[in-house]
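Enquirer: Residues per chain are reported as follows:
Number of protein chains: 2
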Amino acid sequence: MNGYFTPSYIARCATLAMVLEVSGTPKPGNIDRDHDYVTTKYEDFLASAVGVYSILEKACSESGIGQLILDASSESVLWQTGGNTHFGAYILLFPLIKAAARGNIGQLRTDAADIVKETTVEDAINFYKAFSMVEVRMKKPEDLEADDRELDVSGTGSLEELGRRGITMYDIMQISSKNDMVAREWVDGFRRSFEAADMIKNKRKTGTMNDATVLTYLELLAREPDTFIAKKYNMDKAVYVQGLALDVIERRMTLKELSNRLYLEKINPGSTADLMIAGLFIALLSGMRV
Amino acid sequence: MNGYFTPSYIARCATLAMVLEVSGTPKPGNIDRDHDYVTTKYEDFLASAVGVYSILEKACSESGIGQLILDASSESVLWQTGGNTHFGAYILLFPLIKAAARGNIGQLRTDAADIVKETTVEDAINFYKAFSMVEVRMKKPEDLEADDRELDVSGTGSLEELGRRGITMYDIMQISSKNDMVAREWVDGFRRSFEAADMIKNKRKTGTMNDATVLTYLELLAREPDTFIAKKYNMDKAVYVQGLALDVIERRMTLKELSNRLYLEKINPGSTADLMIAGLFIALLSGMRV
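Sequence lines, in order, name chains A and B. For the first sequence, this note's numbering gives the first residue as 19, with consecutive numbering after it. For the second sequence, this note's numbering gives the first residue as 19, with consecutive numbering after it.
Chain A extracted, bound-state conformation (with noise of 0.2 Å):
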């Protein structure tokens, strides 16, 4: 066990992943220490971020991730008035953050993993009542399979219907990941957060954090098609984004032509943004400095 390890510790790093995921710049379409939206600025961000630290603390001792998942998203608006700021990245934090209480960093992805298949029926219930405060679109019902269409938050009678089907939060994250890469990592045991924190250190050893921040996101951006734009919108401007964040990294455009064109067509890669905050929570943690 690193002396580091302590609940404080854990739960600073995570409070500042937050904080420099918002704050790198250009990172085209997402809310940015430059961008605002016309309902939520990267102040409201900032709040959330610190704000939720009592709850991130709390998340290495007790409660289960479902009802962290609910407190964090009731305190963050506490803070600030821009309604929803990190409902995704909690998905990621919280099991990361218990694999962290653990204290053992080299079987941190292991634990992850381990711990989002402990969920129950419990943390699926709270995860929904979460789920339907922040209004988050995470899934629509024709998304869905037509047996797990019962199960879509916006209808009446799904809290019941988990219980009488026994249904886990892990269980939904597994129905979820096919559409939706923040519920992936549930079941994939993290593998892009981890690579995203691979690519975060990298890049530090040898730019600023800013340029850390910003080139991983455009990375992942160019990886895949950004499960965020594909519900609001649909996958085909999904697909279209990450041939723009190819173009990029191909130097066919300029980071700042990709940020503007997204601003202005209002398409946020948001569950990039997810990723990269527990990619940077992960680097944080293993002793990347800013």
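Quick caveat, the hints were computed from the structure, so don't treat them as lab data. Incorrect hints may have been included.
Claimed, not checked - No more than 30 Å apart at the CA atoms, straight line, and that leaves these computed lysine-lysine pairs for BS3-like:
1. K219(A) to K59(B)
2. K223(A) to K284(B)
3. K223(B) to K284(A)
4. K76(A) to K76(B)
Chain A is fixed; fit chain B onto it per the hints.
Expert: Just chain B now, with coordinates in the frame of chain A:
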């Protein structure tokens, strides 16, 4: 006692105050989200603000103010590579945090004024250790009266001298108050910090969080010569900046012009930034939301 005044709530307000202060842009001369120095970046301030959270929380229940400043100065540089970031702010934050921990927001100012008077020789010794560690240019020997010259932290034997003469941290601040507006807050019962808080809260009612931060900073700059500038350069330079700030307020110059000029001339009003952090902390504590 307000239920919200847990140590965690107080510390989150203090961290967020530091995060919001450094984020306010354009904040002429100082580091902000769009302005780095060569050796210190925006991200260093963010990381320091989050990294010292544990010391801010600890301040609610234990340790003297000198020890806390020493601890925070040490903790800060474990999180970032930009060196000293918040030394002046700690001098204001720790008494205010200890006052907040007493739980009566209505008495915050009188409690803080009492708390600084209760500081001891041990606080003075720890403060000087921290001061020496971060090499902050708090005062030059020639600024002190003859009798106080041997207290200059860069001289040898200062620590023994403090003990021999029974000089407390409050005494040091009283000596420094002639030439240091942060020290002056200890003597004046935090008058400027609470004025700043009122200005921030009022401006936030009709504008964005960033507007409230930047416009309050500008007004503080126009009210009094910044003593950090006076010590780094001379009083003429500090008065020159005060005049320029007034020019912006009276529309003879744009904020952007002032900002460009101060960055070009490498003039950073550091003490005004410290007052802003104290003001933001008080405003957040008393319920302001970003």
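Enquirer: If a hint holds in the structure, say so; if it doesn't, say that too.
Expert: Here's how the hints hold up against the structure:
Pair hint K219(A) plus K59(B) holds up; C-alpha atoms about 18 Å apart against a cutoff of 30 Å. With a C-alpha separation of about 28 Å, the suggested pairing of K223(A) with K284(B) holds against the 30 Å cut-off. Taking the CA atoms of K223(B) and K284(A), the gap is near 28 Å; set against the 30 Å cutoff, the hint holds. A distance of roughly 17 Å separates the Cα atoms of K76(A) and K76(B); the hinted pair therefore holds under the 30 Å criterion.
Consistency note: the structure conflicts with none of the earlier hints.
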